[in-house]
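2 protein chains.
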Amino acid sequence: MSLSQALLNGDRLALARLLTKVENDSTEGREALIELFPHTGRAHLIGVTGAPGTGKSSLVNQMALYYRKNEDKRIAIVAVDPSSPFTGGAVLGDRVRMRDLSGDINVFIRSMASRGSLGGLAQATANVVQVFDAAGFDVVIVETVGAGQSEVDVARLAHTTLVVEAPGLGDDIQAIKAGILEIADILVINKADRPGVENAEKALKSMLELAHPTARVFKHHGTYMSASLPEPDANSNMWIPPIQKTVSTEGQGIAELIRSIARHAEYLRLSGGWALRERTRLEVEIEALIREGLMNRFREEVPAERYEEILDQVLTRNISPWEAVRQLMNGRSQ
Amino acid sequence: MSLSQALLNGDRLALARLLTKVENDSTEGREALIELFPHTGRAHLIGVTGAPGTGKSSLVNQMALYYRKNEDKRIAIVAVDPSSPFTGGAVLGDRVRMRDLSGDINVFIRSMASRGSLGGLAQATANVVQVFDAAGFDVVIVETVGAGQSEVDVARLAHTTLVVEAPGLGDDIQAIKAGILEIADILVINKADRPGVENAEKALKSMLELAHPTARVFKHHGTYMSASLPEPDANSNMWIPPIQKTVSTEGQGIAELIRSIARHAEYLRLSGGWALRERTRLEVEIEALIREGLMNRFREEVPAERYEEILDQVLTRNISPWEAVRQLMNGRSQ
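Residue numbers (this note's numbering), protein chains in the order written: chain A, 1 to 334; chain B, 1001 to 1334.
Don't take every hint at face value.
Dumping the calculated SDA-like pairs for lysine to any residue here, alpha-carbon to alpha-carbon at most 25 Å [as the list claims (entries may be wrong)]:
| hint | chain 1 | residue 1 | chain 2 | residue 2 |
| --- | --- | --- | --- | --- |
| 1 | A | Lys73 | A | Ser111 |
| 2 | A | Lys21 | B | Arg1326 |
| 3 | A | Lys205 | A | Met238 |
| 4 | A | Lys21 | B | Asn1318 |
| 5 | A | Lys73 | A | Gln252 |
| 6 | B | Lys1021 | A | Ile319 |
| 7 | B | Lys1021 | A | Asn318 |
| 8 | B | Lys1073 | B | Arg1263 |
| 9 | A | Lys21 | B | Trp1322 |
| 10 | B | Lys1021 | A | Arg326 |
| 11 | A | Lys21 | B | Ile1319 |
| 12 | B | Lys1021 | A | Trp322 |
| 13 | A | Lys21 | B | Arg1317 |
| 14 | B | Lys1073 | B | Val1247 |
| 15 | A | Lys21 | B | Glu1323 |
| 16 | A | Lys205 | A | Lys245 |
| 17 | B | Lys1021 | A | Arg317 |
| 18 | B | Lys1021 | A | Glu323 |
Hints listed in this document are in silico derivations from the structure and should not be mistaken for laboratory results.
The shape of chain A in the complex, shown without the other chains (with noise of 0.2 Å):
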């Protein structure tokens, strides 16, 4: 029986061994792939991201706690960490949390740390996703650290973006903020019962008003900011990111948080947002492929000698670079 028949069975440790594959992107990883493919599309991917020092990790050990004990869902936890190619931070971040998830068969963890260039690690992570989404996991958490493009790529990657921010972490994160409200579909303030919380509270509910400027938002905006649960407005197909409170290490918030994020899932499916963000991520995956694969022709077709030759006459500036690539471009065949 294939690793791959194992995992559909519900195989653990063949899920162990084919997520490594995949990981490093193997052959028999990739063929992996494409067997477990028409099983996908089914489990509720959700993205946690924001900046370090906000307390990810326990919020979303928190949520998959919640998950077990009141939903009976299988939850599967990915935490990428781009800017670790050395494995301390996910080690860690593993380590913390299996004090109270381990033991428990239907969560798994697993930790992913950079290999190369963070578009190998998007897509790595993507196809990790996928085979916890093929093994039959209800919900697969993405957890990255970091503040920059990895948010970006875990939005495109999930269905509901969380993202976390805490009060009094300086300007640096205030800026922060304006960047993410984009891809946001929860904003959570968790460490809630810290001093400086209202103005954390302030300081998004003002960009929330920058961002959606319109005055019907407006008339929405003053119900979902005055109620702690925000319904979805299915009908104007427009959905405003609740601001969700939590105070992780004590388990505050994560009731409301979890119903939250229920409502945004169902929002999607009854909006037609599920499908579109399905179409998004898979037209992603396939783009990154073609590059990959129109790199890899162009690397067998061009000779390294031709190629260091163009090189050299750019160092020496003779030629700029885009003289250079026209001139690769078209002497490819020669």
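The hints should help you fit chain B onto chain A, whose structure is shown.
Just chain B, lined up with the frame of chain A:
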């Protein structure tokens, strides 16, 4: 007279206008870059990166002030904020800096915010740096917020990369440090008047030892670590990142940091590393242009209906993304 010519003649307004054209990747901008390319390759490119809250902007500010007062160098600062598609973060950064540096025509500050993909931002930053280089700025400082791919891209662009830390930023930061050592030429502990500075230094030192685990390096290591201003060892062809402590708000440690940067530049020139980094940088740029060119050609060759048709088959799980790409790439000329 063309904008490029005006820029080469020292016209500041032409510089500002060209930067905008280049950042927007307009045809005129691209033509200007080709015209300016022979005049590039002279500036010292310094990357400054680190997690939010470490005080990078203030440090860069002080570095620029020092260069102006003591070395009469012309300084350009490129503030890259990949997480801010709105202008919030970048504009804030400018305002803080402007108090000390405004009015000095030999300092030019440019803020860049994300426009779509990070790849696009990295390329736009590289192009803006080339404009400053051609315009005769002696030092171009590229500052990034964030923890992830943006640092790696900065390191690829820069001759000298500073990684900025600060005491007491929590566990997530620790994890980030591990990954960041790979790209650091100089480690800066900013806010060194805060509690926890000894721990931060100790942690960085242990990580450095892990990263350079040969006996020979350990020997140098002892020397480097005990000296406040480590000397590069040109003969060993090895650079161990020195740790510099600064309090940027007070200007403390800036002179030592600038000397350390100068030593790194000297080391690069003696060891051949300068030419190697130039080569890597141009190779990365050329590869990005090739990828873009190949993808554009592909889009022209594959009819949109065929692409949609195949994408639909993936969405319905009839074929896998890999099979879709195989069909698209083989059927290009159909």
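Hints and how they fare:
{"no.": "1", "hint": "A:Lys73 - A:Ser111", "in the structure": "holds, 20 Å"}
{"no.": "2", "hint": "A:Lys21 - B:Arg1326", "in the structure": "holds, 22 Å"}
{"no.": "3", "hint": "A:Lys205 - A:Met238", "in the structure": "holds, 17 Å"}
{"no.": "4", "hint": "A:Lys21 - B:Asn1318", "in the structure": "holds, 24 Å"}
{"no.": "5", "hint": "A:Lys73 - A:Gln252", "in the structure": "holds, 20 Å"}
{"no.": "6", "hint": "B:Lys1021 - A:Ile319", "in the structure": "holds, 21 Å"}
{"no.": "7", "hint": "B:Lys1021 - A:Asn318", "in the structure": "holds, 24 Å"}
{"no.": "8", "hint": "B:Lys1073 - B:Arg1263", "in the structure": "holds, 16 Å"}
{"no.": "9", "hint": "A:Lys21 - B:Trp1322", "in the structure": "holds, 17 Å"}
{"no.": "10", "hint": "B:Lys1021 - A:Arg326", "in the structure": "holds, 21 Å"}
{"no.": "11", "hint": "A:Lys21 - B:Ile1319", "in the structure": "holds, 21 Å"}
{"no.": "12", "hint": "B:Lys1021 - A:Trp322", "in the structure": "holds, 17 Å"}
{"no.": "13", "hint": "A:Lys21 - B:Arg1317", "in the structure": "holds, 22 Å"}
{"no.": "14", "hint": "B:Lys1073 - B:Val1247", "in the structure": "holds, 22 Å"}
{"no.": "15", "hint": "A:Lys21 - B:Glu1323", "in the structure": "holds, 19 Å"}
{"no.": "16", "hint": "A:Lys205 - A:Lys245", "in the structure": "holds, 13 Å"}
{"no.": "17", "hint": "B:Lys1021 - A:Arg317", "in the structure": "holds, 22 Å"}
{"no.": "18", "hint": "B:Lys1021 - A:Glu323", "in the structure": "holds, 19 Å"}
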